[in-house]
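*Asks:* Here the protein sequences line up with chains A and B, keeping their order.
Quick note, the first sequence lines up with residues 1 to 244 if you use UniProt numbering.
Quick note, the second sequence lines up with residues 1 to 436 if you use UniProt numbering.
Think of the hints as simulated: they come from the structure by calculation, not from any bench.
Treat the numbers as computed from the prediction; the structure is a model and nothing was measured.
Just so it is clear, CB atoms sit at the ideal spot from N, CA and C, and this is done for glycine as well.
Be careful, since some hints might not be right.
Stated by the list, open to error - Straight-line alpha carbon distances no greater than 20 Å define the calculated PhoX-like cross-link-like pairs of lysine-lysine that follow:
1) K23/A with K275/B
2) K92/B with K46/A
3) K170/A with K214/A
4) K2/A with K193/A
5) K188/B with K278/B
Said to hold, decoys possible - Computed Cβ-Cβ distance ranges for the label pairs, DEER-style:
6) I230/A with R217/B: 58 to 64 Å
7) S146/A with S233/B: 58 to 64 Å
8) N139/B with E62/A: 33 to 39 Å
9) G25/A with G332/B: 54 to 60 Å
10) F223/A with A302/B: 49 to 55 Å
11) V226/A with R217/B: 43 to 49 Å
12) V226/A with K368/B: 53 to 59 Å
13) D69/B with E36/A: 23 to 29 Å
14) S233/B with D91/A: 47 to 53 Å
Take a look at the letters that make up each chain.
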Amino acid sequence: MKKVMIIGATSAIAEATARIFAKRGDALFLFARDQERLAVIANDLKIRGARDVYTGLYDALEQQDMANFEGALKQLDGIDILLVAHGVLPDQKVCEASVDDTLRAFDINGTSVLAILTYFANIFEAQKKGSIAVISSVAGDRGRQSNYVYGAAKGAVSIFLQGLRHRLVKSGVQVLTVKPGFVDTPMTAAFDKGALWAQPEQIAKLVVKALDQKKSVVYTPGFWGVIMLIIRSIPDWIFHKTRL
Amino acid sequence: MLISGWGQYPRVEADVLSPSTGDGIQRSLRENDAKPCIARGFGRSYGDSSLSSTIVSTRYLNHFHSFDDATGVLSCDAGVSLDEILGVFVPKGWFPIVTPGTRFVTVGGAIASDVHGKNHHNVGTFCDHVLSFRILIANGDILNCSPSENRDLFLASCGGMGLTGFILDATFKLQKIESSFIEETTYKADNLEECLALFDEHNAATYSVAWIDCLKRGKELGRSLLMLGKHSSAGGYVDLKKTTPSIPFNMPIFCLNRFSVGAFNRLYYGRVREKIQKRRVHYGPYFYPLDGIENWTRLYGAKGFVQYQFVIPKDAGLEGMTSVLDKIAQSGAGSFLSVLKVFGKGNDSFLSFPFEGYTLALDFKVSKRTFELLDQLDAIVHDYGGRIYLTKDARMSDQVFKRGYPEWEEFQAVREKYGAIGTFASFQSKRLGLDV
Chain A
1 MKKVMIIGAT
11 SAIAEATARI
21 FAKRGDALFL
31 FARDQERLAV
41 IANDLKIRGA
51 RDVYTGLYDA
61 LEQQDMANFE
71 GALKQLDGID
81 ILLVAHGVLP
91 DQKVCEASVD
101 DTLRAFDING
111 TSVLAILTYF
121 ANIFEAQKKG
131 SIAVISSVAG
141 DRGRQSNYVY
151 GAAKGAVSIF
161 LQGLRHRLVK
171 SGVQVLTVKP
181 GFVDTPMTAA
191 FDKGALWAQP
201 EQIAKLVVKA
211 LDQKKSVVYT
221 PGFWGVIMLI
231 IRSIPDWIFH
241 KTRL
Chain B
1 MLISGWGQYP
11 RVEADVLSPS
21 TGDGIQRSLR
31 ENDAKPCIAR
41 GFGRSYGDSS
51 LSSTIVSTRY
61 LNHFHSFDDA
71 TGVLSCDAGV
81 SLDEILGVFV
91 PKGWFPIVTP
101 GTRFVTVGGA
111 IASDVHGKNH
121 HNVGTFCDHV
131 LSFRILIANG
141 DILNCSPSEN
151 RDLFLASCGG
161 MGLTGFILDA
171 TFKLQKIESS
181 FIEETTYKAD
191 NLEECLALFD
201 EHNAATYSVA
211 WIDCLKRGKE
221 LGRSLLMLGK
231 HSSAGGYVDL
241 KKTTPSIPFN
251 MPIFCLNRFS
261 VGAFNRLYYG
271 RVREKIQKRR
281 VHYGPYFYPL
291 DGIENWTRLY
301 GAKGFVQYQF
311 VIPKDAGLEG
321 MTSVLDKIAQ
331 SGAGSFLSVL
341 KVFGKGNDSF
351 LSFPFEGYTL
361 ALDFKVSKRT
371 FELLDQLDAI
381 VHDYGGRIYL
391 TKDARMSDQV
401 FKRGYPEWEE
411 FQAVREKYGA
421 IGTFASFQSK
431 RLGLDV
């Protein structure tokens, strides 16, 4: 039985992952903005086998909500796994026309994650065990015209995690960066889906596997590692001619 | 996007909405007010019953609400699949009372199709064990329906192909089991008469179904394997293996002809050497043999296939089945798996398929010849007082439908009362003359 805290627990990837934890009989503390949906999910996870399921309020734009973490740690009586999964996919074009929208998207996808990690890093460092997993994105691997506001926030998260891993490795704490490619979730409902798209259940399995195997960085599904290697390697003079 | 039912025929262009909450569905309906829409679960109905220009998917409505382990009563969202129910509840010693031949159907779909299983002769259909469900109707209200509350809407929605409203969640019973295994007994029957006699003789069996070799004629017409089953008390609870072989692409159309199907059928029949064979088998391969092969429908090639399932009354049994099987054997249009089953009494739902008699399910790849054959079969089925299963149908005419389902007028009246006409419609309901 593990003690798992999930931030952004109504996200499709988080929920699919929580179902795997529930089936294992783990104890879960779920944080999200929408309390009504969270209650439905918590109830479901209990029936699926979770030992205990607690819920709390967390809105990525309200830093004071982080005060709820302390009570959650007490109620769970410790923490083995932290999964940070909240985020929004901003409309790139809207952001280009609005400073507010750009900063808001960065706050939700970037700043709030760094804040959460700063808080929990000290707890994990002190207890000298456990796993921190964060859903970043392949979008953070290289800035592209079509998605760089989201990409910049995810890139910041990935770099932050890289450094945090460096710091926590001597404490025996796993820091896992998950980089999904295209995932068919409510967040991406507006997109036409092709062969590169994965289901949230697939991503969830890979997240749990990477946690079990004490991995550092995983692309989900794995072929995105190859795709992003290529995308990162394309010289600017060619890259700038693409519409990516 | 381009989308189809399980038979890959027909394929249509549709907007697919995937709301995450009941409120989201209400919103989807409001924003979509001009065009009719239809609910879709796992898309396992074969033809066009889950197809409309706007499709509202239940994929994110898949939460369990409550389970009472004293009574086995489960409440869950309409988008929960039998696969998930099996995964969670078999280890706790519970099993669906009624399961169709695939576990990849949702609860909402099981109600809308009023699905049946190999134990229909004992326990009836899926809806016969539904205690209640909540349905979102055209004006945005959510109504509770049960055999006693809003009974007319309950009877129209069970087997109502999603045409009365959007089923949000349901409460129904599971049965107690003692292991994941089934004690299976297989009987070889040399012809149809022997097969039907075996069904009669074993009418007390928990589960029964027969596989028929449709290519045999004359004395061997109806050569079959009758497979009986009951829940075992031995073997414990074992998870269904998740690794399944898959058909990676559509097979070239010539792969499926009377010679290949004949060879398959010879192998399948020959696999059982003794006249009676007993074995203990996991519930997976017993109930869901084809779920073991992902995308098996691709065997039928890129054009897709149609399934044809009909029921004829018991007293028409041997004669009626003989004329249908004769017709099929004559045509040489082989069916990969042809499944025969005895139905018990039907229920009061207006469009529920089963009634007391014999039912036969056949697959055919899509071709002009197939459609001609099926039109001829429609006539035979009608002559014997039978009807065709809407969940498998992709092509029957509105006359054939209305003759087969005389209660269609009551069904329409209930749809009218609850404002469903024009709001909930599928390509099938248009073809069958229920919507324009």
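*Asks:* So the hint says 53 to 59 Å: do the beta-carbon atoms of V226/A and K368/B match that?
*Replies:* violated (45 Å)
*Asks:* Honestly, do S233/B and D91/A meet the 47 to 53 Å range at C-beta?
*Replies:* violated (59 Å)
*Asks:* Would you mind confirming whether the straight-line C-alpha gap from K2/A to K193/A stays at or under 20 Å?
*Replies:* violated (35 Å)
*Asks:* Is the hinted range of 58 to 64 Å satisfied by the C-beta distance from I230/A to R217/B?
*Replies:* 60 Å Cβ-Cβ, so the 58 to 64 Å window holds.
*Asks:* Measure nothing beyond the straight line between the CA atoms of K188/B and K278/B; if it is 20 Å or shorter, mark the hint as holding.
*Replies:* Within the cut-off at roughly 12 Å; holds.
*Asks:* Does the Cβ-Cβ separation between N139/B and E62/A fall within 33 to 39 Å?
*Replies:* holds (37 Å)
*Asks:* How does the Cβ-Cβ distance of V226/A and R217/B compare with 43 to 49 Å: does it lie in that range?
*Replies:* Taking Cβ atoms as reference, V226/A and R217/B lie about 56 Å apart, which means the hint is violated.
*Asks:* Do the Cβ positions of F223/A and A302/B conform to the proposed distance bound of 49 to 55 Å?
*Replies:* Given about 26 Å between the Cβ atoms, the range is violated.
*Asks:* Given a hint of 54 to 60 Å, does the C-beta separation of G25/A and G332/B actually sit inside it?
*Replies:* holds (56 Å)
*Asks:* Checking one constraint from the list: CA of K92/B to CA of K46/A, max 20 Å. Satisfied?
*Replies:* holds (14 Å)
*Asks:* Taking 20 Å as the top limit, are the C-alpha atoms of K170/A and K214/A close enough?
*Replies:* holds (14 Å)
*Asks:* Cβ-Cβ distance between S146/A and S233/B: within 58 to 64 Å?
*Replies:* holds (60 Å)
Going through the hint list in order, the structure does not satisfy hints 1, 4, 10, 11, 12 and 14.
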